[in-house]
Amino acid sequence: MADVFRSLNLIETLKESIDHNKLSEVKDALEDLLISRINLALIGDRGDEKASFINSLNGLSFGDDGAAPSATPVAPEEVACYPNPKHPDFRLWDLPPVPSTYPFEPEGYMNTVKFPRYNAVFITFTQTPQTNSVRLFLEAQSLQQQTVYFILFASEKCTEKSLEEIRKTSLEVLRSQVVTMPKVYVVRPSALEKFDFPGLLQDMERDLPEIRAHAVLLALPTLTSSLVTQKKDAFKALVWAAASLSGGVSAIPVPFVASMVDSSVAVRILTKAQLSLCLDDESVERLARQRGMEPTRLKGMRTCALSVEVTKGEVQQRLAKAQKDLATVSLKLVEMALPRHARSASRSFAAMQQALNCAIDEMAADAEKIVSEALGEGK
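Numbering (the UniProt record's numbering), first residue to last: 1 to 379.
In case anyone wonders, no lab produced these hints; they're calculated from the structure.
Be aware that one or more of the hints could be misleading.
What the hints assert, rightly or not - Below, a list of computed lysine-lysine pairs in the DSS-like style, where the Cα atoms sit at most 30 Å apart: (1) Lys369 to Lys321; (2) Lys236 to Lys157; (3) Lys299 to Lys321; (4) Lys236 to Lys324; (5) Lys299 to Lys194; (6) Lys194 to Lys236; (7) Lys299 to Lys86; (8) Lys236 to Lys114.
What the hints assert, rightly or not - Label pairs and their in silico Cβ distance ranges: (9) Pro88 to Gly63: 15 to 25 Å; (10) Thr303 to Glu172: 44 to 54 Å; (11) Pro88 to Gln127: 29 to 39 Å; (12) Tyr102 to Gln127: 51 to 61 Å; (13) Ser162 to Gly66: 28 to 38 Å; (14) Gln144 to Glu362: 23 to 33 Å; (15) Thr169 to Glu362: 28 to 38 Å; (16) Lys312 to Ser372: 22 to 32 Å.
Note that the structure is predicted; figures quoted are calculated from it, not measured.
By construction, the Cβ of each residue, glycine as well, lies at the ideal position given by its N, Cα and C atoms.
Just need the whole structure built from these sequences, with the hints factored in.
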């Protein structure tokens with residue numbers, strides 16, 4: 001429910017921008033969500049766990065094109081970047097480990113790695129956080145950068161009992177260095193649906209600006225059925241923004257131009273939804289490989305045509321059908337939801353919102369079936 005309210009908060013923010021005639025802000029927000037512009041950084045020793053975490057965030061496995069290798073060719077002091085192959089503006093940065101030697105100046109390290117450019121930073125470790133990493137965290141806090149998180153990697157060999165013991169010791173280390181209300185997230189790099197990663201995502205959504213939080217959500221792979229639902233809610237906020245702009249365009253008496261704009265934007269949104277929900281052939285095949293399943297088994301669960309392929313013809317048919325359906329119904333409720341200046345364009349707004357929301361519901365249903373089958377949920 002919190003995720004629904006967050007999406008509603010984004011809608012309210014966008015609605016306020018439209019009410020103040022700041023359409024450029026809405027367009028910028030829509031563009032940011034469509035391209036998922038975000039930079040996440042990982043600090044810690046390089047090795048299998050860190051590389052596996054980077055690959056899991058990008059929906060990849062070792063050996064896939066664009067995947068982080070277990071033995072990185074990057075020099076220890078250098079920064080490596082791993083763009084998401086489907087969302088290239090979603091970038092993961094592999095930062096060098098914080099030096100364990102003294103003296104250590106956090107400001108110097110932060111300047112070297114260009115710390116301010118990252119929307120969130122993960123300080124990773126396998127035992128307990130080292131002193132200099134904690135000093136770096138405290139320096140970031142003093143600069144009002146609140147989106148820095150401690151992550152304890154859980155290897156396959158670790159038991160839940162041993163992990164809790166390490167977490168407890170790590171929290172004691174943080175408290176001893178005056179970290180207020182410390183938190184350590186236990187994450188299994190190769191299986192993000194387990195342990196604390198879903199909770200970490202919730203905290204990031206709370207801490208990040210709304211647009212950035214939604215951008216992270218849309219770029220991540222579909223790890224759980226719950227995440228599919230969160231993505232669906234985020235896309236409906238994006239649809240509201242697009243439909244509002246559609247209403248603004250349609251207020252100009254050039255219907256053919258407005259129709260072309262609507263279908264073009266709709267194709268972009270639904271293409272983004274297909275990739276975000278991991279419904280494209282490549283994503284489904286990769287998930288099948290990761291889970292040791294037959295790709296045809298998962299592909300056969302896609303019943304919505306847009307889950308298989310987003311075509312302009314299919315999108316235009318859905319928009320036209322929505323326009324026709326709305327010709328016979330009252331638009332009073334729709335007009336109440338619209339910004340004041342756009343109420344004259346309510347039909348265009350309602351048609352786009354109805355067509356895209358229905359499509360996203362169908363695509364999300366397909367994604368939920370695939371994720372449930374891959375994870376063995378409900379068995």
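(message) Against the range 44 to 54 Å, how does the distance between the Cβ atoms of threonine 303 and glutamate 172 compare: consistent or not?
(response) 52 Å Cβ-Cβ, so the 44 to 54 Å window holds.
(request) Decide if the proposed pair is consistent with the structure: lysine 299 and lysine 86, CA atoms, cutoff 30 Å inclusive. (result) holds (19 Å)
(message) lysine 236 and lysine 114 were given as a pair; does the straight-line alpha-carbon distance stay at or below 30 Å?
(response) violated (34 Å)
(request) Given the hint that lysine 299 pairs with lysine 321, test it: the Cα-Cα distance must not exceed 30 Å. (result) holds (27 Å)
(message) Does the beta carbon distance between proline 88 and glutamine 127 stay inside 29 to 39 Å, or does it fall outside?
(response) holds (35 Å)
(message) Verify the CB-CB distance for lysine 312 and serine 372 against the hinted window 22 to 32 Å.
(response) For lysine 312 and serine 372 the Cβ distance comes to about 31 Å; the hint holds.
(message) Taking the Cβ atom of threonine 169 and the Cβ atom of glutamate 362, is their distance within the range 28 to 38 Å?
(response) At 48 Å between Cβs, range violated.
(message) Against the range 23 to 33 Å, how does the distance between the Cβ atoms of glutamine 144 and glutamate 362 compare: consistent or not?
(response) violated (43 Å)
(message) If I claimed the Cβ atoms of tyrosine 102 and glutamine 127 lie 51 to 61 Å apart, would that claim hold in this structure?
(response) Because 19 Å falls outside the window, the suggested range is violated.
(message) With the threshold set at 30 Å, check whether the alpha-carbon distance from lysine 369 to lysine 321 stays at or below it.
(response) holds (27 Å)
(message) Against the range 15 to 25 Å, how does the distance between the Cβ atoms of proline 88 and glycine 63 compare: consistent or not?
(response) holds (20 Å)
(message) Between the alpha carbons of lysine 194 and lysine 236, is the straight-line distance 30 Å or under?
(response) Status holds; Cα separation ~27 Å.
Hint check: violations occur at hints 2, 8, 12, 14 and 15; the rest are consistent with the structure.
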